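Colleague: Fit chain L to the known structure of chain H by using the hints.
Going line by line, the protein sequences match chains H and L.
For the first sequence, position 54 matches number 54 in our numbering, and the numbering has no gaps at all.
For the second sequence, position 154 matches number 154 in our numbering, and the numbering has no gaps at all.
Hints were generated in silico from the structure; no laboratory data involved.
Keep in mind that a hint or two might mislead.
What the hints assert, rightly or not - Covered by chain H, per the in silico footprint, the following chain L stretches (three or more residues, Cβ under 8 Å):
1. 21–29
2. 82–89
3. 153–161
As the list claims (entries may be wrong) - Below 30 Å or equal to it, Euclidean Cα-Cα: the simulated BS3-like pairs (lysine-lysine) are:
4. L:141 with L:115
5. L:96 with L:115
6. H:143 with L:96
7. H:72 with H:109
8. H:72 with H:143
9. H:151 with L:115
10. H:96 with H:109
11. H:143 with L:115
12. H:96 with H:72
Quick caveat: nothing in here was measured; it's all calculated off a predicted structure.
Think of the CB as a built atom: it goes at the ideal place given N, C-alpha and C, for glycine as much as any other residue.
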Amino acid sequence: MAWQMTGQWLEACSCKMICPCNMGPAEPTQGWCSAALALDIERGNADGVDLSGLKAALAIELPGDFFGGIDKARLYIDEAASSDQRQALEAILTGKQGGVWGPVASMIKEWLPTQTTSIQLETGDRPSATIGQVGQVTMERVKTEAGQQAKLVNAPVAAAFGTDTIELARADGSRWSDPDQRSWESGGYGGVIPFSLSG
Amino acid sequence: MAWMIAGTYYGPCSCKVSCPCELGEMEGDNGWCSGTLVFDIQRGTVDGTDVSGAKVVLAADWPSGFLSGNGTGRLYIDPSISQQQRAALEPVLGGKSGGVFEAIGALVPNILPTKEARITIEAGQDETRITVADAGELVIKPLRGATGEYTRLLHGSATFRDDVILARGTGSRWHDPDLRPWESGGHAEQADFEWSA
Numbered sequence: 001m002a003w004q005m006t007g008q009w010l011e012a013c014s015c016k017m018i019c020p021c022n023m024g025p026a027e028p029t030q031g032w033c034s035a036a037l038a039l040d041i042e043r044g045n046a047d048g049v050d051l052s053g054l055k056a057a058l059a060i061e062l063p064g065d066f067f068g069g070i071d072k073a074r075l076y077i078d079e080a081a082s083s084d085q086r087q088a089l090e091a092i093l094t095g096k097q098g099g100v101w102g103p104v105a106s107m108i109k110e111w112l113p114t115q116t117t118s119i120q121l122e123t124g125d126r127p128s129a130t131i132g133q134v135g136q137v138t139m140e141r142v143k144t145e146a147g148q149q150a151k152l153v154n155a156p157v158a159a160a161f162g163t164d165t166i167e168l169a170r171a172d173g174s175r176w177s178d179p180d181q182r183s184w185e186s187g188g189y190g191g192v193i194p195f196s197l198s199g
Numbered sequence: 001m002a003w004m005i006a007g008t009y010y011g012p013c014s015c016k017v018s019c020p021c022e023l024g025e026m027e028g029d030n031g032w033c034s035g036t037l038v039f040d041i042q043r044g045t046v047d048g049t050d051v052s053g054a055k056v057v058l059a060a061d062w063p064s065g066f067l068s069g070n071g072t073g074r075l076y077i078d079p080s081i082s083q084q085q086r087a088a089l090e091p092v093l094g095g096k097s098g099g100v101f102e103a104i105g106a107l108v109p110n111i112l113p114t115k116e117a118r119i120t121i122e123a124g125q126d127e128t129r130i131t132v133a134d135a136g137e138l139v140i141k142p143l144r145g146a147t148g149e150y151t152r153l154l155h156g157s158a159t160f161r162d163d164v165i166l167a168r169g170t171g172s173r174w175h176d177p178d179l180r181p182w183e184s185g186g187h188a189e190q191a192d193f194e195w196s197a
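Pulled out of the complex, with its shape left as it was, chain H reads as follows:
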């Protein structure tokens, strides 16, 4: 199966800005790290199944940094997706169809069952996401006084996720509370990440 997807994802975690885990081996701000990615797939397809306009989220729970692996993960897929779209997206994002999600999935010890839920997602000047009853992400882009967007480029760990630029956005106030994962609030770190991935 061949697939490709282009869009942006919002990323928020329990660390302060900038999450040290992005920089290689590191101790997360809390000692542990919990994070959420909310994906806005602007254009995409998987073997003829159109994925354009779909939204999904991935919540992960780490005992330390990325080098210590990921204990738990859950995928949330937009209830607006058709059955075919849902199946295709789940296979890709859980790493079964190659590309960058394969190595990401190989770090995950336990996948919790995928949930279908409502996902609202904005990536513009005031990025935000609401994932059913479990996740609320609100961001304020970090900019200079002249209005230029702060960016982290070529971070050592970003390549593992197939990206090279993080548009930094403070995620204070974001929170996640899925009964099957550790509940967390943002320590401040957040970003908007343009992606163009395939497998």
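Modeller: Positioned in the frame of chain H, the structure of chain L alone reads:
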């Protein structure tokens, strides 16, 4: 007074990489923040005095984060600098002559007497080592992405430059008896600069 200095600065601090204060956090990773800025001035003039080749260090402690201000700091000046160069540079670096140092000076209102200290800078592509007499040893190892390009922070809201190379500062230590002793939590940065006012 008109001045212009150009060169490279190196900045390890007590926070993890990347220092949260540069992106608006009011508190450093330890609850407090200590850091150094080493200025390797390759070219410069201050009111007609040539300051090319001068090496100068500013070290400072803050009770919370640097954006919260109320810092205490000290300038260290290499003994190769002449009295005339020192008289020219001290007001600039102390924030009394405008430009970027005015903002830094406002965050470090308590300035201890300047110390003369031999400053050595062994600069390299993958590692720069700096000693400041018996006050500090600094290590700056630039981070790189998967393609080998330097990791950069662009347009940081509270950075000293618009384009900063992020580095690992692990191993950096400061131990001036009049300042807080600290070791780097991992953060360092370096950037070329050309500042004037």
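Colleague: Does each hint fit the structure? Answer for all of them.
Modeller: Evaluated hints:
1. 21–29: holds (count 4)
2. 82–89: Three-residue rule not met by the region 82–89 of chain L, so violated; n is 0.
3. 153–161: holds (count 5)
4. L:141 with L:115: This hinted pair holds, its Cα atoms lying about 27 Å apart.
5. L:96 with L:115: Measuring from Cα to Cα gives roughly 18 Å; hence the hint holds.
6. H:143 with L:96: Answer holds: residue 143 (chain H) to residue 96 (chain L) is near 28 Å, not above 30 Å.
7. H:72 with H:109: Distance ~6 Å between residue 72 (chain H) and residue 109 (chain H) Cα, so the pair holds.
8. H:72 with H:143: violated (33 Å)
9. H:151 with L:115: violated (37 Å)
10. H:96 with H:109: Holds: residue 96 (chain H) and residue 109 (chain H) sit about 15 Å apart, inside 30 Å.
11. H:143 with L:115: With Cα atoms ~37 Å apart, residue 143 (chain H) and residue 115 (chain L) exceed 30 Å; violated.
12. H:96 with H:72: holds (17 Å)
This entry does not satisfy hints 2, 8, 9, 11, going by the numbered hints stated previously.
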